[in-house]
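Going down the list, the protein sequences come from chains F and C.
The first sequence begins at 48 in the working numbering and counts up one residue at a time.
The second sequence begins at 41 in the working numbering and counts up one residue at a time.
It should be emphasised that the hints constitute simulated quantities derived from the structure, not laboratory data.
Treat the hints with caution; some may be incorrect.
Capping the alpha-carbon separation at 20 Å, the derived lysine to aspartate or glutamate pairs in EDC-like fashion look like this [unchecked claim]:
(1) F:Lys147 to C:Asp167
(2) F:Lys256 to F:Asp278
(3) C:Lys179 to F:Glu80
(4) C:Lys179 to F:Glu165
(5) F:Lys184 to F:Glu173
(6) C:Lys51 to F:Glu80
(7) F:Lys184 to F:Glu196
(8) F:Lys201 to F:Asp139
(9) F:Lys82 to F:Asp304
(10) F:Lys201 to F:Glu183
(11) C:Lys179 to F:Asp321
(12) C:Lys179 to F:Asp304
(13) F:Lys201 to F:Glu165
(14) C:Lys179 to F:Glu283
(15) F:Lys82 to C:Asp234
(16) F:Lys306 to F:Glu294
(17) F:Lys184 to C:Glu52
(18) F:Lys306 to F:Glu165
(19) F:Lys184 to F:Glu174
(20) F:Lys120 to C:Asp234
(21) C:Lys179 to F:Asp159
(22) F:Lys256 to F:Glu188
(23) F:Lys306 to F:Glu322
(24) C:Lys179 to F:Glu174
(25) F:Lys280 to F:Asp304
(26) C:Lys291 to C:Asp234
(27) F:Lys306 to F:Glu80
(28) F:Lys94 to F:Asp312
(29) C:Lys179 to F:Glu138
(30) F:Lys120 to C:Glu59
(31) F:Lys201 to F:Glu174
(32) F:Lys306 to F:Glu283
(33) F:Lys120 to F:Asp81
(34) C:Lys51 to F:Glu183
(35) F:Lys94 to F:Asp310
(36) F:Lys256 to F:Glu179
(37) F:Lys94 to F:Glu294
(38) F:Lys306 to F:Glu154
Listed below are the residues making up each chain.
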Amino acid sequence: MAAPPTPIEQQASSGQDAAACVVIFEDVSIAFEDKPVLDGISFRLGKGETKAIFGVAGSGKSTILKLTLGLLKPDTGHIYVLGEDVTQMSEDALFELRRKIGMVFQESALFDSLTVRENVAFRLLEEGTVSEEEVEKPVREALSFVELENTVDKFPAELSGGMRRRVAIARAIITHPEILLYDSPTGGLDPVTSTTIIQLIVKQRDVYKTSSLLVTHRLQDAFIMATHYFDRKANEMRPLPPGTRGEVPMTFLILRDGKVIFDGDVHELAQSKDEYIREYIS
Amino acid sequence: MELISPTEFAKETVLSVQEYALLAGRSVANLFRPPHYFADMIQQADLIGVGSLPIIVLTGLSIGAELALNSANTLQRFGSLSLIGQLVSVGMVRELGPIITGLMVAGRNASGMASELGSMVVTEQIDAMRGLGTDPMKKLVTPRVVATTFMLFFLTIISDLLGLFGGAVVSVMLFGTDWRQYWTTAYQTLVFQDVFMGLLKPIFFGFIIATVGCFYGMTARGGTQGVGRATTQAVVASSVLILVVDLFITKLLMAVFSYQ
């Protein structure tokens, strides 16, 4: 993977115009078995921006990712992904669009009957644009990005939880998607492994400038992402210099009772007067 | 146990039938829409066809032998033991061969498909496959439907032949029937209608086994318990459906061929 240089991008604000946004939710509602989960939510994800989505369990965080990918259809509202309205698209048309999107599922969702190599290469082999021999190089590169080159011939069951998440990230990024969706990538992992995963997400954000939606329960993970950048020369995540503000394209979205109660950057979040938000971040 | 109202039950039943019909329809329509997963079809044909061979060999031999054993007693009373070849032949080829093979493959493979696909659903592997731009209907369902339909046809032929062989062994060894006479009567009594009926049924049965197994797998909900429930339902539904469809096909073909 040829990585571009690593300047820290200007933050993509959520108020920018539609043309600069890769994901737009407009008044989206969805209910499961008559229980409303999302109730008229609207937000935008700018190009190159990473948006962390918070909320209590069952607040519809993962549903937002599945709606973005077109795996679920909303009851009302419109969702525009890379300029296309996914709520109006057929399943066949969605398969084309999904090739530009990568998703890391909550429990990794690796194909357990396939090896790590076959899992990571799945999308390339399915697209049929490369032969089995040609697929080896991008697979090695993707696994090298997550530092798991030595696991190519293993099955998912032989890997630890953290390694499975990293393989899932490798599978999601192998085709250099324009959007990445992370569903609780650090859930259930120990702090050291969580930091490794967060570093990979920051690396993807700052090196490849991929727009991302990140669902997480762990506020500290998102704060690390908002206060750190990836230093390509040192090949590690580093804290932003003191006094810098808004240098990383990172925003926060908080859900409560099916509605968006906050959408802004880390500084706006820290200054919020909303009692619920203050309690949430304390 | 949660009780549901009759209206909800009726709605859920109609919805399930609709979803099954859509899955069955799509599995056939996908044959005419690329991409085609030939390697997966061959792999499934190996798993379903070759994998089922041992139980088909055993059940085919047993059913033929038991049919001969039971009918010989009655035939002996009327001094018609020489007809045993005819009886086993018609019984196996028209009815028992397809039915027993269908039920055996349903027990083995409808459950396998439901549990495999059900596990993939509850662990989000199906969502991941859709997310990676691959249609699970084309990649997982259609190859299983094609492989089961194709392989059940040949498994039924093997079962028929082994049933006839089992009947021959019992007739010759226990009742002293002539080996040559057995095979001659068994062969001569079969007409085109018998063979056609016997070989048309496995095509329907194979389709039922695969679509029902895949349907319960793809609609599994509720973790490992849900997968277990889907597996049981797949075997029960496919077995019952095979017996019901067999009745209708038999009656229809009898009417078409003007059987007495």
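To see whether the hints hold, each was checked on the structure:
1. F:Lys147 to C:Asp167: holds (16 Å)
2. F:Lys256 to F:Asp278: The given pair, whose Cα atoms are some 14 Å apart, holds under the 20 Å limit.
3. C:Lys179 to F:Glu80: Distance ~30 Å between C:Lys179 and F:Glu80 Cα, so the pair is violated.
4. C:Lys179 to F:Glu165: Given pair C:Lys179, F:Glu165 holds - Cα atoms ~15 Å apart, limit 20 Å.
5. F:Lys184 to F:Glu173: With a Cα-Cα distance of about 16 Å, the restraint between F:Lys184 and F:Glu173 holds, given a limit of 20 Å.
6. C:Lys51 to F:Glu80: holds (13 Å)
7. F:Lys184 to F:Glu196: Holds. F:Lys184 to F:Glu196 sits at ~11 Å (cutoff 20 Å).
8. F:Lys201 to F:Asp139: violated (32 Å)
9. F:Lys82 to F:Asp304: Holds. F:Lys82 to F:Asp304 sits at ~11 Å (cutoff 20 Å).
10. F:Lys201 to F:Glu183: Within the cut-off at roughly 15 Å; holds.
11. C:Lys179 to F:Asp321: violated (49 Å)
12. C:Lys179 to F:Asp304: Violated, at about 38 Å.
13. F:Lys201 to F:Glu165: holds (10 Å)
14. C:Lys179 to F:Glu283: Between C:Lys179 and F:Glu283 the Cα gap is close to 40 Å, so the pair fails against 20 Å, i.e. violated.
15. F:Lys82 to C:Asp234: violated (56 Å)
16. F:Lys306 to F:Glu294: violated (28 Å)
17. F:Lys184 to C:Glu52: violated (49 Å)
18. F:Lys306 to F:Glu165: At roughly 40 Å apart (the allowed maximum being 20 Å), F:Glu165 and F:Lys306 break the hint.
19. F:Lys184 to F:Glu174: Given that 20 Å is the threshold and the Cα spacing comes to 16 Å, the pair holds.
20. F:Lys120 to C:Asp234: violated (51 Å)
21. C:Lys179 to F:Asp159: With Cα atoms ~16 Å apart, C:Lys179 and F:Asp159 stay inside 20 Å; holds.
22. F:Lys256 to F:Glu188: holds (18 Å)
23. F:Lys306 to F:Glu322: holds (16 Å)
24. C:Lys179 to F:Glu174: holds (13 Å)
25. F:Lys280 to F:Asp304: Violated, because 44 Å separates the two Cα atoms, which is more than 20 Å.
26. C:Lys291 to C:Asp234: holds (13 Å)
27. F:Lys306 to F:Glu80: It holds: about 18 Å lies between the C-alpha atoms, which stays within 20 Å.
28. F:Lys94 to F:Asp312: Given that 20 Å is the threshold and the Cα spacing comes to 15 Å, the pair holds.
29. C:Lys179 to F:Glu138: holds (14 Å)
30. F:Lys120 to C:Glu59: holds (17 Å)
31. F:Lys201 to F:Glu174: violated (23 Å)
32. F:Lys306 to F:Glu283: Violated, at about 36 Å.
33. F:Lys120 to F:Asp81: holds (15 Å)
34. C:Lys51 to F:Glu183: Roughly 50 Å between the alpha carbons, so the hint for C:Lys51 and F:Glu183 is violated.
35. F:Lys94 to F:Asp310: holds (16 Å)
36. F:Lys256 to F:Glu179: violated (29 Å)
37. F:Lys94 to F:Glu294: Distance of about 15 Å is within 20 Å: holds.
38. F:Lys306 to F:Glu154: Not OK: F:Lys306 and F:Glu154 at ~26 Å, beyond 20 Å, violated.
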